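Protein chains: 2
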Amino acid sequence: MAKEGVEKAEETEQMIEKEAGKEPAEGGGGGSHRLGDAQEMRAVVLAGFGGLNKLRVTRKAMPEPQDGELKIRVKACGLNFLDLMVRQGNIDNPPKTPLVPGFECSGIVEALGDSVKGFEIGDRVMAFVNYNAWAEVVCTPVDFVYKIPEDMSFSEAAAFPMNFVTAYMMLFEVANLREGMSVLVHSAGGGVGQAVAQLCSTVPNVTVFGTASTFKHEAIKDSVTHLFDRNADYVQEVKRISAEGVDIVLDCLCGDNTGKGLSLLKPLGTYILYGNLVLTPCNPHLLSFQWWQVEKVNPIKLYEENKVIAGFSLLNLLFKQGRAGLIRGVVDKLIGLYNQKKVKPVVDSLWALEEVKEAMQRIHDRGNIGKLILDVEKTPTPLVSQKQRDLFSSRSESSRCRHKRGVGRWGGRKCRQGSAGQGWRRKPEVTK
Amino acid sequence: MAKEGVEKAEETEQMIEKEAGKEPAEGGGGGSHRLGDAQEMRAVVLAGFGGLNKLRVTRKAMPEPQDGELKIRVKACGLNFLDLMVRQGNIDNPPKTPLVPGFECSGIVEALGDSVKGFEIGDRVMAFVNYNAWAEVVCTPVDFVYKIPEDMSFSEAAAFPMNFVTAYMMLFEVANLREGMSVLVHSAGGGVGQAVAQLCSTVPNVTVFGTASTFKHEAIKDSVTHLFDRNADYVQEVKRISAEGVDIVLDCLCGDNTGKGLSLLKPLGTYILYGNLVLTPCNPHLLSFQWWQVEKVNPIKLYEENKVIAGFSLLNLLFKQGRAGLIRGVVDKLIGLYNQKKVKPVVDSLWALEEVKEAMQRIHDRGNIGKLILDVEKTPTPLVSQKQRDLFSSRSESSRCRHKRGVGRWGGRKCRQGSAGQGWRRKPEVTK
Numbered sequence: 000m001a002k003e004g005v006e007k008a009e010e011t012e013q014m015i016e017k018e019a020g021k022e023p024a025e026g027g028g029g030g031s032h033r034l035g036d037a038q039e040m041r042a043v044v045l046a047g048f049g050g051l052n053k054l055r056v057t058r059k060a061m062p063e064p065q066d067g068e069l070k071i072r073v074k075a076c077g078l079n080f081l082d083l084m085v086r087q088g089n090i091d092n093p094p095k096t097p098l099v100p101g102f103e104c105s106g107i108v109e110a111l112g113d114s115v116k117g118f119e120i121g122d123r124v125m126a127f128v129n130y131n132a133w134a135e136v137v138c139t140p141v142d143f144v145y146k147i148p149e150d151m152s153f154s155e156a157a158a159f160p161m162n163f164v165t166a167y168m169m170l171f172e173v174a175n176l177r178e179g180m181s182v183l184v185h186s187a188g189g190g191v192g193q194a195v196a197q198l199c200s201t202v203p204n205v206t207v208f209g210t211a212s213t214f215k216h217e218a219i220k221d222s223v224t225h226l227f228d229r230n231a232d233y234v235q236e237v238k239r240i241s242a243e244g245v246d247i248v249l250d251c252l253c254g255d256n257t258g259k260g261l262s263l264l265k266p267l268g269t270y271i272l273y274g275n276l277v278l279t280p281c282n283p284h285l286l287s288f289q290w291w292q293v294e295k296v297n298p299i300k301l302y303e304e305n306k307v308i309a310g311f312s313l314l315n316l317l318f319k320q321g322r323a324g325l326i327r328g329v330v331d332k333l334i335g336l337y338n339q340k341k342v343k344p345v346v347d348s349l350w351a352l353e354e355v356k357e358a359m360q361r362i363h364d365r366g367n368i369g370k371l372i373l374d375v376e377k378t379p380t381p382l383v384s385q386k387q388r389d390l391f392s393s394r395s396e397s398s399r400c401r402h403k404r405g406v407g408r409w410g411g412r413k414c415r416q417g418s419a420g421q422g423w424r425r426k427p428e429v430t431k
Numbered sequence: 000m001a002k003e004g005v006e007k008a009e010e011t012e013q014m015i016e017k018e019a020g021k022e023p024a025e026g027g028g029g030g031s032h033r034l035g036d037a038q039e040m041r042a043v044v045l046a047g048f049g050g051l052n053k054l055r056v057t058r059k060a061m062p063e064p065q066d067g068e069l070k071i072r073v074k075a076c077g078l079n080f081l082d083l084m085v086r087q088g089n090i091d092n093p094p095k096t097p098l099v100p101g102f103e104c105s106g107i108v109e110a111l112g113d114s115v116k117g118f119e120i121g122d123r124v125m126a127f128v129n130y131n132a133w134a135e136v137v138c139t140p141v142d143f144v145y146k147i148p149e150d151m152s153f154s155e156a157a158a159f160p161m162n163f164v165t166a167y168m169m170l171f172e173v174a175n176l177r178e179g180m181s182v183l184v185h186s187a188g189g190g191v192g193q194a195v196a197q198l199c200s201t202v203p204n205v206t207v208f209g210t211a212s213t214f215k216h217e218a219i220k221d222s223v224t225h226l227f228d229r230n231a232d233y234v235q236e237v238k239r240i241s242a243e244g245v246d247i248v249l250d251c252l253c254g255d256n257t258g259k260g261l262s263l264l265k266p267l268g269t270y271i272l273y274g275n276l277v278l279t280p281c282n283p284h285l286l287s288f289q290w291w292q293v294e295k296v297n298p299i300k301l302y303e304e305n306k307v308i309a310g311f312s313l314l315n316l317l318f319k320q321g322r323a324g325l326i327r328g329v330v331d332k333l334i335g336l337y338n339q340k341k342v343k344p345v346v347d348s349l350w351a352l353e354e355v356k357e358a359m360q361r362i363h364d365r366g367n368i369g370k371l372i373l374d375v376e377k378t379p380t381p382l383v384s385q386k387q388r389d390l391f392s393s394r395s396e397s398s399r400c401r402h403k404r405g406v407g408r409w410g411g412r413k414c415r416q417g418s419a420g421q422g423w424r425r426k427p428e429v430t431k
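Chains as they are written, first to last, in numbering that gives the first Met the number 0: chain E, 0 to 431; chain D, 0 to 431.
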């Protein structure tokens, strides 16, 4: 991995709040004007595990690629629910802080480490990074970097790797999705949920059952076959439609849902637990979650009922279990589907690095439909006061909430704003 | 299901022992001469759960097909380890005794129930039966009956359904076996083990690790890639050859092997528990087995390690879960592979109905390589006294132990004889 330099902490949050309204208005290289030295770069730094106030935008020494690495000038970074868990320290064997969060990004190759083949300076790429993605420049082993199609935007490319590889591998590598099958996916409006829905549509006659907050239903109703409120008794809802249950249950919720999900499986069906479960029972933060209540499963019950239970962690597969080669094959297939216009990442909204807290609050509040993206070149949207916000809220939303790609319209739902700070808020920038 | 008539118990075992040597020598319709009435048939009856002495050959009223059933004149029946568990009562929700055991047979269609389509009298068939297979005549729903190829013998056909459908569904429906993968199978010399080995050879570059009693190794060594003694530390043996482990573990042993099997899985690998686990903890017979010690599995561990655990019970799938249509599709594919000479059932030995105890003892002792078949038309081999047996044992075995199909020779191993009774034994008839 790239060698990280000494941090020069910059209390960006306070600076932004103090200097609200004084931000330069120019687009493009937002924030880079602060760097007096080309050997430095901006990055989001997590100073310690905890709340949003542990996040800062900081100057760090420019990383240089080691043997086998690519140096990437980052254009956009993906924000996942997992990043929220990392911030809270709710992960197994947490790394030491301070750290730069983020596991995926897109950008342009700026330098090649020794022994790197197959890439050239200037290539447009997307990449997995084992932390350190939320920065202006990252270095990552060439095994985790993929060229992107000409017509794929950097925002789309930053929304692609985690969600689509996870969805594809669960459906086709673990569960063997085939014609005529049915799939239940929770958080159908999220990044993985929308990737699952799109991939299911590439197989004939697949029924998708989804759960999502009711306010998202209008926006995503065309992407799934049956949609339930996330707080509804979805077991009964599914059984009412399909008494036998479903062939595949994808569960990122866990807790009591493991039993519910298993109970919904048809014979030969597969339950997959994925996503954000990097928790350890000894972790004090756990008490705020129910995930440690996951029930153990008796293999004899699986035998009697002809059921399959699986776990899926893409990051472990990549960074602990050495499956980069397998995953490159999956990315190749996914890019093929993108080129055939069969899949397309759904981007919820773009945020400047300095807006990471608001972005994280939005994913915490499950306000997003599709992926939240940190746009490295974006200038932070000026903060608005409570008075301005009241004015903002009273207007019609329709003129500011643009149409979503691939999932219909946002319709009349309220654009949920970040609520990280006190008194000042930014309005979210929805995708182009 | 067919209506069963009143039993007329016949203490066959005692009769055979008393009348040893007086058995009529004619081949063909062995035993049927005893029936004075064409409205009766011979069947193996389990009088109650317990030891071998609970098995009898009995006259029973001729069953007649109900609506949707076929009446089959049985030629051969498959004997599975599961039948041994049934005899002991080691099954979940055991049926009432007396009962006729047996779950599969082959024969000729003799009559059609109402509304049966697709079959004609005289068709050569194999069938699943929910008990009652070990008889001269069975009736079973048409959903569980399959026509057999012209060149498939009745012995082969009786050895086919349980083992090959189980092996195929585990490898291709549950685990998604593909090129370059590796499989660990226990009891590699048994019926399922040999079916697994053959099916793996239909996929390019699949490595098969097998465990089996050492005396079987010479006979089956060509059917698997790596063979270990069943009492060896196969985890270490496998890891010595493949440090990463294997992609698929098929486990009919259970107990502490669940943990061992899971530990051997590569990331994205699948562990399948199958076969004979129809036990309940409240069953007193359980104390003689270790299977209730199956460890529960923590889904979070599956998540962290990217592993899959599955259970597979063909009989539940057929008779409780209504998957006859799916299984007919699998049988069609398997018959296609048989016609292409890519698979061929391995028959260990043929036994008359009256020899069921010896046959069952042989499977209990794990003496078989491939399938044990009850050949309904076979005349029981005369019993030999201890003196004759000593003489028999002292001779070279090679002249009597014929070559096995598809698995090389029996070589110099001792033909294991049944040991059900006291003082008298039959020598086994190995396959033609």
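Please note: incorrect hints may appear among the correct ones.
Identical chains share a label here; the pair holds if one copy fits it or two copies do between them.
With a straight-line Cα cutoff of 16 Å, these simulated EDC-like cross-link-like pairs (lysine to aspartate or glutamate) come out [said to hold, decoys possible]:
hint, residue 1, residue 2
1, Lys265, Glu376
2, Lys116, Glu294
3, Lys319, Glu243
4, Lys377, Asp232
5, Lys146, Glu39
6, Lys116, Asp66
7, Lys146, Asp113
8, Lys319, Glu149
9, Lys319, Glu217
10, Lys300, Asp91
11, Lys319, Glu303
12, Lys341, Asp150
Just so you know, these hints were derived from the structure itself, not from any lab.
Remember, predicted model here, so these are calculated numbers, not experimental data.
Legend entry - Hints violated by the structure (numbers, ascending): Failing hints, ascending: 1, 2, 4, 5, 7, 8 and 9.
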